[in-house]
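Undergrad: Under our numbering, the first residue of the sequence shown carries the number 32, and numbering increases by one thereafter.
These are computed hints drawn from the structure, not numbers from a lab. Mixed in with the good hints there might be a few duds.
Derived EDC-like pairs: lysine to aspartate or glutamate, alpha-carbon spacing no greater than 20 Å straight-line [unchecked claim]:
{"#": "1", "residue 1": "K343", "residue 2": "E115"}
{"#": "2", "residue 1": "K207", "residue 2": "E243"}
{"#": "3", "residue 1": "K294", "residue 2": "D188"}
{"#": "4", "residue 1": "K120", "residue 2": "E139"}
{"#": "5", "residue 1": "K307", "residue 2": "E321"}
{"#": "6", "residue 1": "K236", "residue 2": "E283"}
{"#": "7", "residue 1": "K307", "residue 2": "E243"}
{"#": "8", "residue 1": "K100", "residue 2": "E163"}
{"#": "9", "residue 1": "K323", "residue 2": "E248"}
{"#": "10", "residue 1": "K86", "residue 2": "E104"}
{"#": "11", "residue 1": "K150", "residue 2": "E115"}
{"#": "12", "residue 1": "K236", "residue 2": "E274"}
{"#": "13", "residue 1": "K254", "residue 2": "E296"}
Distance ranges between label pairs, derived from CB positions [stated by the list, open to error]:
{"#": "14", "residue 1": "S197", "residue 2": "S69", "range": "18 to 26 Å"}
{"#": "15", "residue 1": "P219", "residue 2": "N301", "range": "23 to 31 Å"}
{"#": "16", "residue 1": "K320", "residue 2": "S204", "range": "25 to 33 Å"}
{"#": "17", "residue 1": "P68", "residue 2": "E104", "range": "47 to 55 Å"}
{"#": "18", "residue 1": "E149", "residue 2": "E274", "range": "27 to 35 Å"}
{"#": "19", "residue 1": "K320", "residue 2": "Y76", "range": "44 to 52 Å"}
{"#": "20", "residue 1": "L284", "residue 2": "R256", "range": "51 to 59 Å"}
{"#": "21", "residue 1": "K75", "residue 2": "N301", "range": "44 to 52 Å"}
The C-beta atom is built at its ideal place from N, Cα and C for all residues, glycine as well.
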Amino acid sequence: MKGDALLILIILGFGLLAGLIAYSYLSLKEEVNIEYPSIPSIPKYSDISFSPISKTPGKLPTEYLDLRKEYFEFPYYLENTFTEKTEIKVCPFIAYEIDGKNGIIEGECQSFELNAKEKKEGYIRIPLKNKEELKNSTKILVGVNISYSSSVNSLCDLYIEEGYPSCTTPKTSDLKFYPILIPNPIKPSDSSFSVDLQLEKYGEKLIIKGIEVKPLETVIKRKSRDREIEERIGVSGECNLKEEIEIVSPKELIKVCSLPSPKIEVKEKNVTGSFKQSLQINCESEIAKELKICEIAKENGEILKKIPIYIKVNFEALKIYRYKVYL
Numbered sequence: 032m033k034g035d036a037l038l039i040l041i042i043l044g045f046g047l048l049a050g051l052i053a054y055s056y057l058s059l060k061e062e063v064n065i066e067y068p069s070i071p072s073i074p075k076y077s078d079i080s081f082s083p084i085s086k087t088p089g090k091l092p093t094e095y096l097d098l099r100k101e102y103f104e105f106p107y108y109l110e111n112t113f114t115e116k117t118e119i120k121v122c123p124f125i126a127y128e129i130d131g132k133n134g135i136i137e138g139e140c141q142s143f144e145l146n147a148k149e150k151k152e153g154y155i156r157i158p159l160k161n162k163e164e165l166k167n168s169t170k171i172l173v174g175v176n177i178s179y180s181s182s183v184n185s186l187c188d189l190y191i192e193e194g195y196p197s198c199t200t201p202k203t204s205d206l207k208f209y210p211i212l213i214p215n216p217i218k219p220s221d222s223s224f225s226v227d228l229q230l231e232k233y234g235e236k237l238i239i240k241g242i243e244v245k246p247l248e249t250v251i252k253r254k255s256r257d258r259e260i261e262e263r264i265g266v267s268g269e270c271n272l273k274e275e276i277e278i279v280s281p282k283e284l285i286k287v288c289s290l291p292s293p294k295i296e297v298k299e300k301n302v303t304g305s306f307k308q309s310l311q312i313n314c315e316s317e318i319a320k321e322l323k324i325c326e327i328a329k330e331n332g333e334i335l336k337k338i339p340i341y342i343k344v345n346f347e348a349l350k351i352y353r354y355k356v357y358l
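Input sequences plus hints: build the corresponding full structure.
TA: Structure below.
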C-alpha cells in the first residue's frame, strides 16, 4: 500500500512539473501578426464613353432633321469604366447659325448614377422648335453635353535614403496627373516631405473637387500572456485638400500638403501600464534591434525601403459631342 501511495505521489509530482513547464512555455510564447499594406487596383485608363447606337460607331443614325416631326431623337449608349460610382448628367441641344447669329434649342437633361463598369442605354430627345429659323439656317449641329463627377487614384513609392521612385498614374480622356514627392528618396535628416500634383487637362472643362493623400502602413502586432506590442512603420497622419480648383490652363501645378518623415512607432501595453515611442527607420540602433520589424526586414528588405503613398483625386469634367446635320 505504501509503495502504491509513493508511486501516486511521484506521478503527481511529474504531472505538476510538466504542467509548470508547459505553463512557462505558453506564457513565454509570443503570437505575431503582420498586416501588410493593401495595395489598391489602379487601372491605366478610365472614362465615360458615349456613343449613339448606329451601324457606324460614333455617328448619329441619321444626318438629317425632318421638320415635319416634333422631335429629333436617337438612341445612345453610355459606359462607366471608372472603378467607382460616377454621377452623370446628359444634356442634348441643337445649335444653328442664321444671319450671322447663333441660336440654340435645348433638350431635356437626364441625370443618373452609374456604378463601376456599369452600362446604360436610352434615348436622346430634342424638341424641334424655331422651325422657320432652322429652315433658313446655314449650319446646324446636334450636340450632347456630358458632365460627370468621379475620381482617379494613384500610388507612389516614397523611398527611404535610396531607391528609384516611381508612381502608378491613371489617365482619362479629360485628365492626367503626375504626383511629385519632394524629397524622394527621403533621408533621416529630412523632417518632412511635400506632395504636389502636375495636372494635364484635355477636356472642355475640369474642376478638381478634392485631393486625398494617405500613406499606407505596415503593422506588426505581438501578443503574449502579459504584454501587447504594436510596431507600425509609415507616415503619421494624412491630408485632404477640400477646396474646389478650376483647371484653366492645359497644365497646372497644385501644391497639396506636407507630411512628416516616415518613422517606426512602437506602442506597448503590459501589466505595469502602457507607453509609446517614435524611432527613426534605422535597424542598426540598439533599441531597433529588439523590434520584430527589424528581424523581418532581414528577410524582406523592401519593408523598410519604401512607403506607399496613396493619392485620390475627385473631379468634375465636361465633354461635348457635336454632329453636323442637314435638313
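Undergrad: Starting from the hint list further up, note which numbers the structure goes against and sort them upward.
TA: 7 and 16
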